[in-house]
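Undergrad: Residues per chain are reported as follows:
Number of protein chains: 2
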Amino acid sequence: MMMSTGILRRSTVVAAVLIGLLASRALAAPAGDPLPSWSDGKTKLAILGFVTTATRRGAPGFVPPAERIATFDNDGTLWAEQPMYFQLAFALDRVKALAPQHPEWKDQEPYASLLKGDLAGALAGGDRAVLEIVMATHGGMTSEEFTKVVTDWVNTARHPKTGRLYTEMVYQPMRELLTYLRVNGFKTFIVSGGGIEFMRAWTERVYGIPPEQVVGSSIKTTYELRDGKPVLTRLPEMNFVDDKAGKPVAIQLHIGRRPVAAFGNSDGDLEMLQWTCLAPGPRFCLVVHHTDEAREWAYDRASSVGRLDKALDEAQTRGWTVVDMKRDWKVVFPFERK
Amino acid sequence: MMMSTGILRRSTVVAAVLIGLLASRALAAPAGDPLPSWSDGKTKLAILGFVTTATRRGAPGFVPPAERIATFDNDGTLWAEQPMYFQLAFALDRVKALAPQHPEWKDQEPYASLLKGDLAGALAGGDRAVLEIVMATHGGMTSEEFTKVVTDWVNTARHPKTGRLYTEMVYQPMRELLTYLRVNGFKTFIVSGGGIEFMRAWTERVYGIPPEQVVGSSIKTTYELRDGKPVLTRLPEMNFVDDKAGKPVAIQLHIGRRPVAAFGNSDGDLEMLQWTCLAPGPRFCLVVHHTDEAREWAYDRASSVGRLDKALDEAQTRGWTVVDMKRDWKVVFPFERK
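Sequences listed follow chains A and B, in order.
Take the first sequence: its position 159, counted from the start at 1, is 159 in the working numbering, and no numbers get skipped.
Take the second sequence: its position 232, counted from the start at 1, is 232 in the working numbering, and no numbers get skipped.
So that you can see chain A by itself, here it is in the shape it has in the complex:
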């Protein structure tokens, strides 16, 4: 009941705002367009409508500045995630780099297959094999050492299909959206299944999101004085998996306030979208649907990486905004821009 009323009221507000927008900056002044990589249409107008009313004091959709919390998934929402999560590509590269220090890996799965170039064989062990690889490559060093390893990797490693740095494979329209929200007083957070320290090594530079606004999966860490110097050591043991129902839990732990806007692209984001939008008051939820095989990838219900099935149905049922990447984005990656 509450939801339908909310949706109806929001639609009315959005419609009213659109008239104003069409008459003013959105079309009349394209030079001042805050979202130049977004095609004109209902998706762009939904975003502009929400932000415009959220920031208009006295409007029914007004959101007080302190409550302007927006959470973004990362893989598949802010940067690409095919043919495998980029962090897994990092882990595989690390196995190769660390192999000389681990002669035993030659006879031990999943390392043996991996070092022979047989990725499918290495990953045949499923989640357990992936966890093994992640722990072996993400644990056993200090936080500072890990940040350096990640920084070196993002500065040099190239995506197999595009030949670009992984940090170039971020979505230009989403970067504009992050900036647009921040300019309008929103605090932008990443809430991702990816590793929290893995992301923090580059999110400030690439997205303008500082470390303290990055929430992700983590491994256990201990503190000690080593030769009189304080160090944090990363243990090869999971601490928290920030995916699915873990996302609202992590939002509460790290942010402590329910977001008013959330952005995702897969079933792993469904609970974050529910927690954000199934509540009274002005709310905005958006799902990025990967529909562009030519410029990016096209995948949804059957994909093993970034599966979008239940969340697509629920977005349609609840009236959340769905980005059709092919239709809604004039540009996907920054390097496409002329």
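Treat each hint with caution, since some may be false.
A pair counts as met if it fits within one copy or between any two copies, since identical chains are not told apart.
Mimicking DSSO-like on lysine-lysine, the simulated pairs with C-alpha atoms at most 27 Å apart in a straight line are [unchecked claim]:
| id | residue 1 | residue 2 |
| --- | --- | --- |
| 1 | K244 | K220 |
| 2 | K229 | K187 |
| 3 | K244 | K310 |
| 4 | K310 | K229 |
| 5 | K106 | K96 |
| 6 | K229 | K244 |
| 7 | K96 | K161 |
Hints listed in this document are in silico derivations from the structure and should not be mistaken for laboratory results.
Because the structure is a prediction, the values reported are computed rather than measured.
Here the structure of chain A is known, so what remains is to put chain B in place on it, guided by the hints.
TA: Using the frame of chain A, we list chain B on its own:
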């Protein structure tokens, strides 16, 4: 080696700055004093010196804005903690309020003693009894329900000695310090052994610190849709204890950046102070020493609550700033002000 050089260089910088300060606003213009509740003297000058150089671009002590992270303990550093942690007073009040729903408590320790008014008997079970009481009073409800219970309590419960609301028993000089740091581009965080959700219910109103900048101990939480409505349920099980070596671990998890300034008052803060100040670059660590029996309490090495022993020694050895509450604070609590 690195530390001594750092301390020497900082002392020189501070001395140079003091001359400027003495000649300008600090003494010449008391109306513009950012720390009016602090007595003039070396403690106040150390704070002013650090902040002044941290914000002067080109100065040897300059700290880039993004790195201006300051972390504060809460109990005994921002508000009082005697005769018992205020959160324990909350838990004891909750036991009394919940007793009608728990007839079995009449015959079960630590509740039985507590309900008879025998606090010493109830706490005779040590940490285990306290944990039992905390779990029984902090778990088994939604996050929203818990926030409401805490809010009602801080709005009505009174301190046994002063008769004041607990949220009035905050340190006026520390509130001025929080504001002074924020005005100078520092992001202020609480990093406390207290419960993260317990604090968030009132820290924004009382300290100007928003929920997303509060780090504390936590209990496990689960997410579910209940009758179509998303809820976070607090389980009667510890998730993380944010004390001692847990503080740098939590700082890394929540903030992801090493603070440049840290403020504490007990041995539980020692590792946070080490993590903050045993590193190159401009650093500021401060320990509040409770020396004022008349206006507050006097306690340190032998206290069971807020014991300050090792951290006092280390502060002296390393040259950290120690607040002598009696000497350095003109006013302790806001309600003392004329």
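Undergrad: At 27 Å max between alpha carbons, let me know whether K244 reaches K310 within a copy, between copies, both or neither.
TA: Within. Shortest intra-copy distance 12 Å satisfies the 27 Å Cα cut-off; inter-copy 43 Å does not.
Undergrad: At most 27 Å between C-alpha atoms: does K229 with K187 qualify within a copy, between copies, both, or neither?
TA: Cα proximity of K229 and K187: across copies only (25 Å, versus 34 Å in one copy).
Undergrad: Is it within, between, both, or neither for K229 and K244, if the alpha carbons may be no more than 27 Å apart?
TA: Between copies only: 16 Å across, 38 Å inside.
Undergrad: State whether the alpha carbon distance between K310 and K229 is at most 27 Å within one copy, between copies, both, or neither.
TA: Intra 49 Å, inter 17 Å, cutoff 27 Å: inter-copy only.
Undergrad: 27 Å Cα cut-off: does K244 pair with K220 within a copy, between copies, both or neither?
TA: For K244 and K220, both the intra-copy (20 Å) and inter-copy (16 Å) Cα distances are at most 27 Å.
Undergrad: When no copy is specified for K96 and K161, does a C-alpha distance of 27 Å or less occur within a copy, between copies, both, or neither?
TA: within (20 Å within a copy, 65 Å between copies)
Undergrad: Go through the copies and call it for K106 and K96: within, between, both or neither, with a Cα cutoff of 27 Å.
TA: within (11 Å within a copy, 63 Å between copies)
Consistency with the previously given hints is maintained throughout, with no hint failing.
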